[in-house]
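These protein sequence lines are chains A and B, in that order. Using this note's numbering, read the first sequence as starting at 1 and increasing by one per residue. Using this note's numbering, read the second sequence as starting at 1 and increasing by one per residue.
Be a bit skeptical, because a hint or two may be false.
With a straight-line Cα cutoff of 30 Å, these simulated DSSO-like cross-link-like pairs (lysine-lysine) come out [to be verified]: (1) B:Lys149 - A:Lys7; (2) B:Lys155 - B:Lys185; (3) A:Lys7 - B:Lys199; (4) B:Lys199 - B:Lys155; (5) B:Lys202 - A:Lys7; (6) B:Lys149 - B:Lys185; (7) B:Lys185 - B:Lys202; (8) B:Lys187 - B:Lys202; (9) B:Lys199 - B:Lys185; (10) B:Lys187 - A:Lys7; (11) B:Lys155 - B:Lys187; (12) B:Lys202 - A:Lys50; (13) B:Lys155 - B:Lys202; (14) B:Lys76 - B:Lys199; (15) B:Lys149 - B:Lys199; (16) B:Lys199 - B:Lys187; (17) B:Lys76 - A:Lys50; (18) B:Lys185 - A:Lys7; (19) A:Lys7 - B:Lys76; (20) B:Lys149 - B:Lys76; (21) B:Lys187 - B:Lys149.
Only some residues are given here: those of chain A computed to face chain B with a beta carbon under 8 Å [said to hold, decoys possible]: (22) Leu23; (23) Arg46; (24) Met202.
Stretches of chain B that chain A covers, calculated by requiring three or more beta carbons in the stretch to come under 8 Å of a beta carbon on chain A [claimed, not checked]: (25) 19-30; (26) 42-50; (27) 67-76; (28) 145-153.
Think of the hints as simulated: they come from the structure by calculation, not from any bench. Don't be surprised by glycine CBs; every beta carbon is placed ideally from N, CA and C.
What follows is the residue order along each chain.
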Amino acid sequence: MFRNHDKRRARLDRLRLEALRALEVSEAEVEAVASSPESYERVQARIAAKRRQRDESARSGGRRTSAWLLTELSKRRRLAFAAAVALILLAATAYWLRTAPNTQTDAQKQIGILPHPAATEHPVTPVTRDTARGAGAELKPEKPAALRRTGRTARRRPAPDQVNIEEVATAYIPLTYINEATGADSGQVMRIRVPRAMLASMGVPASIERTDGFVLADVVIGDDGLARAIRLVN
Amino acid sequence: MDHSADSSGLIGAPGLSPMDSELVAAVLAGDDRAFALLFERYRPMVARVACRFFFRREEAEDVVQESFAEAWFALKSFQGRHEKSFAAWLSRITLHTCYNELGRRSRRGESLMSELSEEQVTWLTERLRDEGAENAVERQSISRDLAAKLLDRLKPEDRLVLILLEIEERSVAETAGIMGWSVSKVKVRAHRARAALRKALKRFC
Numbered sequence: 001m002f003r004n005h006d007k008r009r010a011r012l013d014r015l016r017l018e019a020l021r022a023l024e025v026s027e028a029e030v031e032a033v034a035s036s037p038e039s040y041e042r043v044q045a046r047i048a049a050k051r052r053q054r055d056e057s058a059r060s061g062g063r064r065t066s067a068w069l070l071t072e073l074s075k076r077r078r079l080a081f082a083a084a085v086a087l088i089l090l091a092a093t094a095y096w097l098r099t100a101p102n103t104q105t106d107a108q109k110q111i112g113i114l115p116h117p118a119a120t121e122h123p124v125t126p127v128t129r130d131t132a133r134g135a136g137a138e139l140k141p142e143k144p145a146a147l148r149r150t151g152r153t154a155r156r157r158p159a160p161d162q163v164n165i166e167e168v169a170t171a172y173i174p175l176t177y178i179n180e181a182t183g184a185d186s187g188q189v190m191r192i193r194v195p196r197a198m199l200a201s202m203g204v205p206a207s208i209e210r211t212d213g214f215v216l217a218d219v220v221i222g223d224d225g226l227a228r229a230i231r232l233v234n
Numbered sequence: 001m002d003h004s005a006d007s008s009g010l011i012g013a014p015g016l017s018p019m020d021s022e023l024v025a026a027v028l029a030g031d032d033r034a035f036a037l038l039f040e041r042y043r044p045m046v047a048r049v050a051c052r053f054f055f056r057r058e059e060a061e062d063v064v065q066e067s068f069a070e071a072w073f074a075l076k077s078f079q080g081r082h083e084k085s086f087a088a089w090l091s092r093i094t095l096h097t098c099y100n101e102l103g104r105r106s107r108r109g110e111s112l113m114s115e116l117s118e119e120q121v122t123w124l125t126e127r128l129r130d131e132g133a134e135n136a137v138e139r140q141s142i143s144r145d146l147a148a149k150l151l152d153r154l155k156p157e158d159r160l161v162l163i164l165l166e167i168e169e170r171s172v173a174e175t176a177g178i179m180g181w182s183v184s185k186v187k188v189r190a191h192r193a194r195a196a197l198r199k200a201l202k203r204f205c
């Protein structure tokens with residue numbers, strides 16, 4: 001098999017060389033081309049044409065360069081302008097994001113939790129009998145000791161009279177039994193919309209005549225996730 | 001043309017032609033007659049090179065004229081001091097002109113000569129199959145037209161390399177100098193060119 005392949009390759013190479021040698025020209029053919037009449041005049045005509053072409057391209061090359069330069073400059077100006085606009089927009093967006101009010105997350109919206117304007121800024125005001133009395137709560141339960149602690153790092157809520165002037169809130173009503181073991185040093189206040197019908201089940205005295213609709217409430221959630229107290233907000 | 005009797009007043013010893021370098025210097029000084037002398041002196045050499053690549057007379061003449069025109073513009077780059085160097089320089093310009101023209105034709109998609117006639121196909125097929133013809137006395141040599149059509153199938157650089165190496169029998173180093181390639185590139189190109197031509201011929205096996 002290899003011998004046949006070699007033979008075939010040798011034949012191809014021989015034919016290849018023959019093809020190349022067939023290209024050799026005879027002296028007569030060379031002479032016919034070389035002694036072509038007016039050949040030198042044609043060469044001079046070509047030289048003149050090339051010289052004109054080169055002069056023309058040198059001139060138009062200058063013009064092309066200027067046009068190219070102008071195009072490049074205008075392109076650069078446009079790019080610079082676009083970059084400036086982008087920077088301004090970026091700065092404006094950053095400024096707006098910094099100054100815009102906090103928005104509610106989707107999770108919060110789903111469970112009816114409303115953003116409280118002072119939820120993370122103001123500490124939780126411990127619920128005391130005095131605050132409950134001052135707010136005119138429907139019920140003034142005993143204030144568990146843990147919630148009367150002061151001087152802790154608990155978040156303090158503003159007193160009822162210190163809340164937004166547009167809001168009126170009751171005092172905090174304890175929701176769970178709190179003792180020294182279960183007392184919370186810190187927590188969060190979350191504003192929620194509570195169905196009126198649920199108020200009774202939460203231990204909040206509510207009118208039995210009005211069970212429809214929702215009420216706004218601030219709920220104190222301890223670090224352990226247990227709701228500690230609630231107050232109603234109007 | 002008897003250059004020694006030329007009345008151009010060019011420098012040269014009595015009975016001897018002016019040297020190429022002197023003629024070049026005269027051309028650069030603005031003497032058109034010196035260029036005419038160079039043209040007459042080297043026209044056959046340029047024609048011989050052109051005829052290897054272009055088999056139509058008008059195409060070969062075109063290449064000859066183009067080569068001299070290019071040489072005129074490139075004279076400033078000529079730095080030869082010996083008689084032979086101008087010939088080599090001009091030969092290089094001619095080969096480049098041929099190469100450019102072949103490239104232009106391939107880009108234009110010209111295949112005027114590439115289609116083999118039925119007769120040529122038959123001839124090739126018989127030739128490739130006939131093992132007994134290796135020692136035959138009466139062997140019909142491949143026709144030039146057929147050879148040209150076979151070579152038209154090659155890329156311009158492959159054709160040029162094969163012609164320089166196998167027809168003009170130049171060395172690899174000379175070919176590299178003419179083409180402006182490295183020696184290794186010439187070898188690789190030659191190998192590929194031979195394989196390409198072999199492949200073109202294999203179709204008729």
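Let me know if the C-beta of Leu23 (chain A) comes in closer than 8 Å to any C-beta of chain B, holds or violated.
The hint holds - Leu23 (chain A) has a Cβ within 8 Å of chain B, the shortest such distance being about 6 Å.
Agreement of Lys155 (chain B) and Lys187 (chain B) with the hint, judged by alpha carbon distance not exceeding 30 Å:
Distance of about 16 Å is within 30 Å: holds.
For a C-alpha distance cap of 30 Å, please report whether Lys202 (chain B) and Lys7 (chain A) respect it.
13 Å, holds
The region 42-50 of chain B covered by chain A? Criterion: 3 or more residues, Cβ-Cβ distance below 8 Å.
Since three or more residues must qualify, the claim that chain A covers the region 42-50 of chain B holds, with 6 doing so at under 8 Å.
Can you tell me if the region 19-30 of chain B counts as covered by chain A, using C-beta to C-beta distances under 8 Å and a minimum of three residues?
violated (count 0)
Run the distance test for Lys76 (chain B) versus Lys50 (chain A): straight-line Cα separation, threshold 30 Å.
16 Å, holds
Going straight from one Cα to the other, do Lys149 (chain B) and Lys7 (chain A) come out at no more than 30 Å?
24 Å, holds
Would the pair Lys149 (chain B) and Lys76 (chain B) pass a check requiring their Cα atoms to be no farther apart than 30 Å?
Judged against 30 Å, a Cα distance of about 38 Å means the pair is violated.
Is the hinted pair Lys199 (chain B) and Lys187 (chain B) satisfied, with a Cα-Cα distance of at most 30 Å?
Holds, because 18 Å separates the two Cα atoms, which is no more than 30 Å.
Between Lys155 (chain B) and Lys185 (chain B), does the CA-CA distance stay at or below 30 Å?
15 Å, holds
Quick one, are Lys149 (chain B) and Lys185 (chain B) close enough, alpha carbons at most 30 Å?
26 Å, holds
Hint consistency between Lys185 (chain B) and Lys202 (chain B) [alpha-carbon to alpha-carbon, up to 30 Å]:
25 Å, holds
The structure is inconsistent with the numbered hints 12, 14, 19, 20, 24 and 25, although it conforms to all the rest.
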